[in-house]
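Be aware that the sequence shown starts at 2, since it is given in this note's numbering, and climbs by one per residue.
Check each hint, because a few of them may be wrong.
[Stated by the list, open to error] Pair ranges (Cβ atoms, derived): (1) Pro192 <-> Asn158: 18 to 24 Å; (2) Glu145 <-> Leu114: 15 to 21 Å; (3) Glu25 <-> Leu58: 38 to 44 Å; (4) Asn126 <-> Glu26: 16 to 22 Å; (5) Arg85 <-> Thr23: 37 to 43 Å; (6) Thr163 <-> Lys141: 38 to 44 Å; (7) Leu167 <-> Gln200: 20 to 26 Å; (8) Leu58 <-> Gly195: 24 to 30 Å; (9) Lys159 <-> Gly107: 31 to 37 Å; (10) Glu160 <-> Tyr189: 17 to 23 Å; (11) Pro192 <-> Glu90: 27 to 33 Å; (12) Asp191 <-> Glu103: 19 to 25 Å; (13) Gly107 <-> Lys144: 28 to 34 Å.
Keep in mind that the hints were calculated from the coordinates and are not lab data. Backbone N, C-alpha and C fix where the C-beta goes; we use that ideal spot for every residue, glycine too.
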Amino acid sequence: MDIFEQIAYRLKDTFKYFKNRTKEEFEGQRFEEWVVSHSNIQKISNIKEERAYWCLLEWRGDKYVDGWYPLSNLAPDLVLECVRTGCKEKTIAVECKYRNKEHNFGLKKEQILNYESFHQDRMSNIDAFYYVFGFGWQEKAPKEIYIIPSTALYSYNKEDKTIRFLHSKKDSEELSKEAPWYEKYRVYLDPKNGKKFLQYKSDQL
């Protein structure tokens, strides 16, 4: 891609969000779409696709007006069900987090309480909950991707609804970006060598 094509692409990319969306909303939706298209999910038009690993059960969008919003807004972005032999009917929830600032794994306690409460009250069949973090954007993909199980970020006590962050120096709402713990969760895709899809792996399943 030459310099003029790069400029044209960035201009087109930048001005897309002005139509009915803030820049933050556009970037978040763009990242969600990227995650869905790179998670080896079967397409409805090809439901018998043998190579697919997941079925997309839910894809929630944040819809609201003047303070009114559905309870589903409190749930994670995606719910996927495994369709492969050996893990059939295993179901996971995925929350997509796009950040311009690299290695910002901070989460708000209010959001975590929403996700976990919705999970406990309405989605008890979820086997594992993952956060997919994307940092920066280059052409058509995030520069860095991390898939982190919720249990590697914080512990949650469903009895008294308390949260303890596992990688912060203090029990604050920001996780330490200096800790090297996150490196093992980084994902590298390499389509030329067969690594085309994100993999949700953990002892949670």
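Verification of the hints:
1. Pro192 <-> Asn158: 18 to 24 Å: violated (42 Å)
2. Glu145 <-> Leu114: 15 to 21 Å: violated (27 Å)
3. Glu25 <-> Leu58: 38 to 44 Å: The hint (38 to 44 Å, Cβ to Cβ) is violated, given that glutamate 25 and leucine 58 are roughly 26 Å apart.
4. Asn126 <-> Glu26: 16 to 22 Å: violated (30 Å)
5. Arg85 <-> Thr23: 37 to 43 Å: Distance hint for arginine 85, threonine 23 holds at roughly 38 Å.
6. Thr163 <-> Lys141: 38 to 44 Å: Check passed, 41 Å falls within 38 to 44 Å.
7. Leu167 <-> Gln200: 20 to 26 Å: holds (22 Å)
8. Leu58 <-> Gly195: 24 to 30 Å: Check passed, 27 Å falls within 24 to 30 Å.
9. Lys159 <-> Gly107: 31 to 37 Å: Distance hint for lysine 159, glycine 107 is violated at roughly 22 Å.
10. Glu160 <-> Tyr189: 17 to 23 Å: Violated, at about 39 Å.
11. Pro192 <-> Glu90: 27 to 33 Å: Since proline 192 and glutamate 90 have Cβ atoms about 29 Å apart, the given range 27 to 33 Å holds.
12. Asp191 <-> Glu103: 19 to 25 Å: Since aspartate 191 and glutamate 103 have Cβ atoms about 20 Å apart, the given range 19 to 25 Å holds.
13. Gly107 <-> Lys144: 28 to 34 Å: Violated, since glycine 107 and lysine 144 (Cβ atoms, about 18 Å apart) do not stay within the stated range.
The structure fails hints 1, 2, 3, 4, 9, 10 and 13 (numbered hints given earlier, in ascending order).
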